[in-house]
Amino acid sequence: MKESIVIPIGPQHPCFKEPMRLDISVDGERVVDADIIISFNHRGVEKATEARTYIQNLYLMERVCGICSHSHATCYCQGVEEILGLEIPERARYIRSFIGELERIQSHLFWIGIAGHEIGWDTLLMYTWKDRERVNDMLEQISGNRIHYAMNTIGGVRRDIREEDRESLKRGLEFLEERAAYYVHVITEEETFLKRTRGIANLPTELAKQLCAVGPTLRGSNVKMDVRADDPYAAYEDLDFSVVTTDTCDVWGRGFVKASEILQSIRMCNQVLEELPGGDIRVKAPAKVPAGEAVSRYEAPRGELIHYIKSNGSNMPERIKIRAPTLANWLVMSEMLKGVYLADVAIVTDAIDPCLCCSARVTITDRSRGERRVTTLDALRRRRDGRTGVA
Amino acid sequence: MRSEEVRGLIEGRFPGIAIRVPRERRVMVHIPLERLIEVLGFLRDQGVTHLSTISVVDRIEEKLFEVLYHLYWENNEITVRVEIPRENPVIPTVTPVLPGALTYEREIQGMFGVMVKDIPDPRRIILPDDWPLDVYPLRKDYMVQ
Numbered sequence: 001m002k003e004s005i006v007i008p009i010g011p012q013h014p015c016f017k018e019p020m021r022l023d024i025s026v027d028g029e030r031v032v033d034a035d036i037i038i039s040f041n042h043r044g045v046e047k048a049t050e051a052r053t054y055i056q057n058l059y060l061m062e063r064v065c066g067i068c069s070h071s072h073a074t075c076y077c078q079g080v081e082e083i084l085g086l087e088i089p090e091r092a093r094y095i096r097s098f099i100g101e102l103e104r105i106q107s108h109l110f111w112i113g114i115a116g117h118e119i120g121w122d123t124l125l126m127y128t129w130k131d132r133e134r135v136n137d138m139l140e141q142i143s144g145n146r147i148h149y150a151m152n153t154i155g156g157v158r159r160d161i162r163e164e165d166r167e168s169l170k171r172g173l174e175f176l177e178e179r180a181a182y183y184v185h186v187i188t189e190e191e192t193f194l195k196r197t198r199g200i201a202n203l204p205t206e207l208a209k210q211l212c213a214v215g216p217t218l219r220g221s222n223v224k225m226d227v228r229a230d231d232p233y234a235a236y237e238d239l240d241f242s243v244v245t246t247d248t249c250d251v252w253g254r255g256f257v258k259a260s261e262i263l264q265s266i267r268m269c270n271q272v273l274e275e276l277p278g279g280d281i282r283v284k285a286p287a288k289v290p291a292g293e294a295v296s297r298y299e300a301p302r303g304e305l306i307h308y309i310k311s312n313g314s315n316m317p318e319r320i321k322i323r324a325p326t327l328a329n330w331l332v333m334s335e336m337l338k339g340v341y342l343a344d345v346a347i348v349t350d351a352i353d354p355c356l357c358c359s360a361r362v363t364i365t366d367r368s369r370g371e372r373r374v375t376t377l378d379a380l381r382r383r384r385d386g387r388t389g390v391a
Numbered sequence: 001m002r003s004e005e006v007r008g009l010i011e012g013r014f015p016g017i018a019i020r021v022p023r024e025r026r027v028m029v030h031i032p033l034e035r036l037i038e039v040l041g042f043l044r045d046q047g048v049t050h051l052s053t054i055s056v057v058d059r060i061e062e063k064l065f066e067v068l069y070h071l072y073w074e075n076n077e078i079t080v081r082v083e084i085p086r087e088n089p090v091i092p093t094v095t096p097v098l099p100g101a102l103t104y105e106r107e108i109q110g111m112f113g114v115m116v117k118d119i120p121d122p123r124r125i126i127l128p129d130d131w132p133l134d135v136y137p138l139r140k141d142y143m144v145q
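As you go down the protein sequences, you meet chains A and B in turn.
For the first sequence, the working numbering gives the first residue as 1, with consecutive numbering after it.
For the second sequence, the working numbering gives the first residue as 1, with consecutive numbering after it.
By construction, these hints were calculated from the structure, which means they are not laboratory data.
There may be inaccurate statements among the hints.
To be verified - Here are the simulated DSS-like cross-link-like pairs (lysine-lysine), alpha carbons at most 30 Å apart as the crow flies:
{"id": "1", "chain 1": "A", "residue 1": "K310", "chain 2": "B", "residue 2": "K63"}
{"id": "2", "chain 1": "A", "residue 1": "K17", "chain 2": "A", "residue 2": "K288"}
{"id": "3", "chain 1": "B", "residue 1": "K117", "chain 2": "A", "residue 2": "K209"}
{"id": "4", "chain 1": "A", "residue 1": "K310", "chain 2": "B", "residue 2": "K117"}
{"id": "5", "chain 1": "A", "residue 1": "K195", "chain 2": "A", "residue 2": "K209"}
{"id": "6", "chain 1": "A", "residue 1": "K17", "chain 2": "A", "residue 2": "K130"}
{"id": "7", "chain 1": "A", "residue 1": "K209", "chain 2": "A", "residue 2": "K224"}
{"id": "8", "chain 1": "A", "residue 1": "K338", "chain 2": "A", "residue 2": "K224"}
{"id": "9", "chain 1": "A", "residue 1": "K310", "chain 2": "B", "residue 2": "K140"}
{"id": "10", "chain 1": "A", "residue 1": "K195", "chain 2": "A", "residue 2": "K338"}
{"id": "11", "chain 1": "A", "residue 1": "K209", "chain 2": "A", "residue 2": "K310"}
{"id": "12", "chain 1": "A", "residue 1": "K288", "chain 2": "B", "residue 2": "K63"}
{"id": "13", "chain 1": "A", "residue 1": "K338", "chain 2": "B", "residue 2": "K117"}
{"id": "14", "chain 1": "A", "residue 1": "K17", "chain 2": "A", "residue 2": "K338"}
{"id": "15", "chain 1": "A", "residue 1": "K338", "chain 2": "A", "residue 2": "K209"}
{"id": "16", "chain 1": "B", "residue 1": "K140", "chain 2": "A", "residue 2": "K288"}
Extracted from the complex, chain B is given alone in its bound form:
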């Protein structure tokens, strides 16, 4: 499917949504956090099942985290972006919609301290057992000494 068609499909369901096609096969969607499950649910209903990963960017100066869901569907990488406040970084789990998200939700919870509400398995996945619970190494204010 052409990226413009994917864009049309999403815009048709969510008019006024911030969406751009930086190049063929890449679609970037920017949505408010409240609509995350709704948008991912809509995409799932269209046939999207593959979540490649979840990335987090720490925008420390603007006091927010950017959370990006990289989905793959019909030759298109669809990136769904939400922004959350840095002082209260909580996102809902997307596992009811995309069960494959569990690994990545566990990863960002440990590495960034972005808390995932209702996550089915809250254990950390990447960090060793003896790593302190409240130190998140991929945050910009964590310094490697």
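Chain A on its own, in the form it takes in the complex:
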């Protein structure tokens, strides 16, 4: 039996944007096994929700993840609304979908850029991230914010899509459509991309299903599963789109699905602007939520997001369980890494579009004095203020 060598990559490594460790066993240049360790970033969000009111939790949910802040907030609101038996206005449903799709566009553009970077093609990164600015500008135009849009509230949305913004939003979508079509072309035709992604990190359909992969990773392995189509929420029942899949089951397929989804998102956004129903954007929700439970699902840019919410009749939840899409994709990732070249580890890891702040959630511990104690946010603030001399 040949001996294999274990190469630790991370927790801090240029090829990861967030802390994680890969213990890669290699035989020569080939990866024979991979162990993934993600326990560097737990923030205790689930625990924190139990000590906050439903409205406070809304803002906490937005901060589970930066890149898909709208996903978590919408998923949470839907669940609470279900327990309350609250019907939100049609217009609010459409606005939720609109923001959700813009968020998907910026997230997928973000990914294409990172993928380009991981294969040493930084031109692609510069192109996509420049175009991504346009999406962020559109989001800012509607919500006032580029990343944490804070659009949701329990019972609807907080901000409207104004009539006077419609034209410039349409122009923005037109611009993005042209760019997205170009990126689909690049991904399908450009040798630089094809050479590094075709046939790399094979994930057969059956294995992807067995190991419960989600999102573009699953659809890139030819499984037609998308919460927007299968379990429609917001306005997706009324919007026209197709679920993109490929049967190549490789890194390229995962990229192709993401790029093509941008075009579908633009199609939906245009439809929302055309068919946006009139009326209110929110209904009033009570502060206390009756005892009950709800399972809320959402198709985040990275895949199926699920919140399980249990209420106890008070103004604070009994339990909120969050399962972000990246957590569901770790199992398939260690499978996908087996057999690839060491040089491909970065792009293969990136192909699931890992987002660790979603995956690992936490409690802050302070061990500066060599003793274990849990510190509070207030204590941290006091320390900061003491240092900077702020009263």
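For this one, chain A is given, so just place chain B on it according to the hints.
Frame of chain A, contents of chain B only:
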């Protein structure tokens, strides 16, 4: 598939089972722990492969943990619920039936101290290396100070 059909299918195989459909596309099944593998095995044989996650609720006053398996199949979220005593929280691993459960079993073992018997990989997944082994942060009696 309509949720009522899913309910009919499960009731047909397990007569008298506690099952309800709170709304279309949601099915809630409540079973005793001994039948967990049997019920999940039956669902798997019908074609269920996707386990979205496993949730745990600490019902400290009733001295029990509620463990919920959120499955997805044919447009339905099927939640299978079991209750286990808080003083001896042990569940069997469901990985022989649903291999994708491993991540979530590792997660609940670390966060709640719900021990998973015969789990293929018992290492914690979410908590940092230096977290004490017998402190489970998502239990209700763990206080954030």
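Now for the hints, and whether the structure bears them out:
1. A:K310 / B:K63: OK: K310 of chain A and K63 of chain B at ~17 Å, within 30 Å.
2. A:K17 / A:K288: Given pair K17 of chain A, K288 of chain A is violated - Cα atoms ~40 Å apart, limit 30 Å.
3. B:K117 / A:K209: Answer holds: K117 of chain B to K209 of chain A is near 24 Å, not above 30 Å.
4. A:K310 / B:K117: holds, 27 Å
5. A:K195 / A:K209: Judged against 30 Å, a Cα distance of about 27 Å means the pair holds.
6. A:K17 / A:K130: Cα-Cα ~19 Å, so holds.
7. A:K209 / A:K224: Distance of about 11 Å is within 30 Å: holds.
8. A:K338 / A:K224: Status holds; Cα separation ~25 Å.
9. A:K310 / B:K140: Holds - the C-alpha atoms of K140 of chain B and K310 of chain A are around 14 Å apart, at most 30 Å.
10. A:K195 / A:K338: Measuring from Cα to Cα gives roughly 19 Å; hence the hint holds.
11. A:K209 / A:K310: OK: K209 of chain A and K310 of chain A at ~28 Å, within 30 Å.
12. A:K288 / B:K63: Roughly 25 Å separates the two Cα atoms, so the pair holds.
13. A:K338 / B:K117: Satisfied, since the Cα-Cα distance of roughly 28 Å is no more than 30 Å.
14. A:K17 / A:K338: holds, 22 Å
15. A:K338 / A:K209: holds, 18 Å
16. B:K140 / A:K288: holds, 21 Å
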